[in-house]
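Peer 1: Note that the protein sequences, when read in sequence, are chains A and B. Residues 1 to 359 (the working numbering) are what the first sequence spells out, left to right. Residues 1 to 359 (the working numbering) are what the second sequence spells out, left to right.
I should point out that these hints are in silico values taken from the structure, not numbers from a laboratory. Heads up, some of the hints might be wrong.
Intra- or inter-copy, both count: the list cannot distinguish identical chains.
Straight-line distance between alpha carbons at most 27 Å, and here's what the computed DSSO-like set of lysine-lysine pairs gives [what the hints assert, rightly or not]: (1) 61 to 205; (2) 217 to 317; (3) 70 to 296; (4) 334 to 317.
Protein chains: 2
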Amino acid sequence: MESIYSYDQLYRFCISIFNAVGCSNADADTAAKALLAADVRGIDSHGVARLSGYVRLWEVKRVNATPQIKIVHETPSTAVIDGDAGLGLVVAPFAMQVAIEKARQVGTGWVSVKNSNHFGIAGYHAMMALQQDMIGMAMTNASALVAPTFSVERMLGTNPIAVAVPAGIQPPFVADFATTTAANGKLEILQRKNADTPTGWVQTKIGSPSIDANELKKGGSLLPLGGDREHSSHKGYALGAIVDIFSAVLSGANYGPWVPPFPAYVPMPENMPGEGIGHFFGAMRIDAFRTADEFKQHMDNWIQRFRNAAPVDGEEKVLIPGDPEREMEITRMKEGIPLVQSVEDDLKKLGERFGIELT
Amino acid sequence: MESIYSYDQLYRFCISIFNAVGCSNADADTAAKALLAADVRGIDSHGVARLSGYVRLWEVKRVNATPQIKIVHETPSTAVIDGDAGLGLVVAPFAMQVAIEKARQVGTGWVSVKNSNHFGIAGYHAMMALQQDMIGMAMTNASALVAPTFSVERMLGTNPIAVAVPAGIQPPFVADFATTTAANGKLEILQRKNADTPTGWVQTKIGSPSIDANELKKGGSLLPLGGDREHSSHKGYALGAIVDIFSAVLSGANYGPWVPPFPAYVPMPENMPGEGIGHFFGAMRIDAFRTADEFKQHMDNWIQRFRNAAPVDGEEKVLIPGDPEREMEITRMKEGIPLVQSVEDDLKKLGERFGIELT
Chain A
1 MESIYSYDQL YRFCISIFNA VGCSNADADT AAKALLAADV RGIDSHGVAR LSGYVRLWEV
61 KRVNATPQIK IVHETPSTAV IDGDAGLGLV VAPFAMQVAI EKARQVGTGW VSVKNSNHFG
121 IAGYHAMMAL QQDMIGMAMT NASALVAPTF SVERMLGTNP IAVAVPAGIQ PPFVADFATT
181 TAANGKLEIL QRKNADTPTG WVQTKIGSPS IDANELKKGG SLLPLGGDRE HSSHKGYALG
241 AIVDIFSAVL SGANYGPWVP PFPAYVPMPE NMPGEGIGHF FGAMRIDAFR TADEFKQHMD
301 NWIQRFRNAA PVDGEEKVLI PGDPEREMEI TRMKEGIPLV QSVEDDLKKL GERFGIELT
Chain B
1 MESIYSYDQL YRFCISIFNA VGCSNADADT AAKALLAADV RGIDSHGVAR LSGYVRLWEV
61 KRVNATPQIK IVHETPSTAV IDGDAGLGLV VAPFAMQVAI EKARQVGTGW VSVKNSNHFG
121 IAGYHAMMAL QQDMIGMAMT NASALVAPTF SVERMLGTNP IAVAVPAGIQ PPFVADFATT
181 TAANGKLEIL QRKNADTPTG WVQTKIGSPS IDANELKKGG SLLPLGGDRE HSSHKGYALG
241 AIVDIFSAVL SGANYGPWVP PFPAYVPMPE NMPGEGIGHF FGAMRIDAFR TADEFKQHMD
301 NWIQRFRNAA PVDGEEKVLI PGDPEREMEI TRMKEGIPLV QSVEDDLKKL GERFGIELT
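Kindly produce the complete structure, drawing on both the sequences and the hints.
Peer 2: As structure tokens, this is what we get:
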């Protein structure tokens, strides 16, 4: 059972909820847009399905609805930002804007953020650079669900990386991916279907291979991109580690197994070495390298050549990173966003609490 | 059959060869050090085994032994460099030095390079940043051996990424990896043993799964990190694409299927859109974010915590990226560098041509 809601319906609802917990109108607007970018782009696990989770973090005072987001250190091309425990959905666009301003001044801007919370999908923030003729980058750490190669312990989050590159007549190149073989959202889909996972997605709590989609609930772990050593899981582990270091060791956020969990009921790790969770953003002005026109012509050529690569029998075509999400966005802005029953129920319950109707 | 040579023996030999083709003493020294970094770190496929290949590129005038390496465009934090068809082993350290200088001035430096050739191992160049208390990054494109997800065509090189991060009392974190499941060198090892590959390393020329270590010679392709769609090969494809775009579309080098091949006898692609192969380098000053002391303390904590993660039964410990290569370097600097018979023969033949003895 799914119900369809328009973007505007969900936007109004989110705005009202964010207002209700104390966000300013401007912050509520920023947060709602960042959150809903996930739903329209088809990454359902990161959109309104998490709205009540954000509210629960506010309830336990882990999210500050009126943060004083501040630059605490900077150079012409860098900044460290203290998110003041604000919603990542608000802190991240602020930080990305700082990166963009720095790129405008000196060619590139790089911002590491501490004391933040989950920021929705990385791709949304990276894409802020596109309309400025800049390449955008966004990454974040997250609470530990992933076992490095040879580890039974969960040490890293799914730590996504997003890179958005403008093109000319072609739509932009937008890569946005977790540094694991499969993100948690994919496990949830299999759980609903009572289906097994492919090999290389999860391991048991003693580190044995598993195809049980419920393995995380039993103390198991997600696996880094690659899956096992033979398939170069050490590369996925290195990628997740780089995201962790850039996002948190550079900024002063928590890292590794000390990153605070998203569910408000899960106790915080002990002996935390930093503040909140960490993000990292980058913006590179295209014309800091070559003229934007030249670059875009070649980017169009790149995209066309890859899209026209001969496909494997049975596959329609080779995709460019961002193609599926962009097509989904066009469809959902027109036809609406389907919510599964459990998410709709959750939103309605949340609305009732604050006297806000989901209509 | 293997023979052992000391670092100094091989260094003197490389210097003599680079001099013989016309390199200045300074360039020969730079190139020999970059090349041998591969051998001492155990990446045998990228070291002296390739020396005669570099010489053949010089013979067909694809390598210029006396390049005028130039910055052709710059901003305070960026530069584009024209390598003037020089050895990548010489162009890359020049470019990395420019990135480091820019980082010294404005916090970070980012350099995209065109008109270059193969640069050895990415990790060597990234590591140049370490002694400056900077994070270093290096990547390069390479000739197409890799089929993107759903493609039967080879469109990308193994396009490696290296990131080097300084620590305090701990040795640095040095990740250096191809964006494929397996690099070509690993296939060569299996070929010598007449062994099959694991699944997910290669596909046939029509895009079917294969475990044939000789598949590339039959028109097949390497696969992006992940291996197949079910194991998120689209993420490895995206990573390889990002390396290609940063290295070549930003600089004006060749990209995708147009990157010139390393073997001098392979004809050049038609309708090439750029000049030579492309690299990308980055340097970020640690204290552009927080004090180097603070950062290093936390980096030490990060490394210790990960190294002490509980290991899977049967594995000794969880490794930090760079551990195996650093241990190999210690061993080989002390005990020498083993060369397989075919590489030793190849070097001796090369030496004879120029009247240089391998002793």
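Peer 1: Each hint should be assessed against the structure and marked as holding or not.
Peer 2: Now for the hints, and whether the structure bears them out:
{"no.": "1", "hint": "61 to 205", "result": "neither (31 Å within a copy, 57 Å between copies)"}
{"no.": "2", "hint": "217 to 317", "result": "between (37 Å within a copy, 25 Å between copies)"}
{"no.": "3", "hint": "70 to 296", "result": "between (35 Å within a copy, 24 Å between copies)"}
{"no.": "4", "hint": "334 to 317", "result": "within (25 Å within a copy, 52 Å between copies)"}
Comparing the model with each earlier hint shows a violation of hint 1 alone; every other hint is respected.
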